[in-house]
Amino acid sequence: MKISTKGRYALRMLIDLAEHQSSGYVALKDIATRQNISKKYLEQIVPILNGANILKTNRGFQGGYMLSQSPDKYAVGEILRLTEGSLCPVDYSEDSEGSSGETAMLPVWKELDRLINSYLDSVTLQDLLDRLQESYANDYII
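All residue numbers for the sequence shown refer to this note's numbering, where the first residue is 1468 and numbers rise by one.
When the alpha-carbon atoms are kept at most 25 Å apart in a straight line, the in silico SDA-like pairs for lysine to any residue are as follows: (1) Lys1507 <-> Gly1530; (2) Lys1577 <-> Ile1470; (3) Lys1473 <-> Asp1580; (4) Lys1540 <-> Ala1494; (5) Lys1469 <-> Leu1587; (6) Lys1540 <-> Thr1472; (7) Lys1469 <-> Lys1506; (8) Lys1473 <-> Glu1551; (9) Lys1540 <-> Arg1598; (10) Lys1469 <-> Ser1505; (11) Lys1473 <-> Glu1510; (12) Lys1506 <-> Leu1596; (13) Lys1469 <-> Leu1596.
Hint data in this document are derived by calculation from the structure and do not stem from the laboratory. Fair warning: this is a prediction, and the values are worked out from it, not measured in the lab.
Start from the sequences and build out the full structure, keeping to the hints where you can.
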């Protein structure tokens, strides 16, 4: 399984919004600059997140984006499934007939899929934000 730039950039965008949630609506150009991501690329991700009601949007002079709920309400797994589709590491089908080796491996792939989704669903944007802020606290110069 490999997470595409779309999934990674969506997470970076949402972490940035979580980090700046006290600022109100955040302009996409500001996120793009801070995250070193093309604004055009973020514009392609916004409709996916808007469609899932993850973002609140405000147009105009004070316009921009903000999270529609608190960061602890969003699981990384949810966001990645929105942007990536299935997170299953192997394409398997319950009704496919295969060799005995494929049949023997099916429970392994199913368990791996369950573990991946379970882990990613246990990590929230708030967890990532907390880790980020902890890294800032540990980054001091004498």
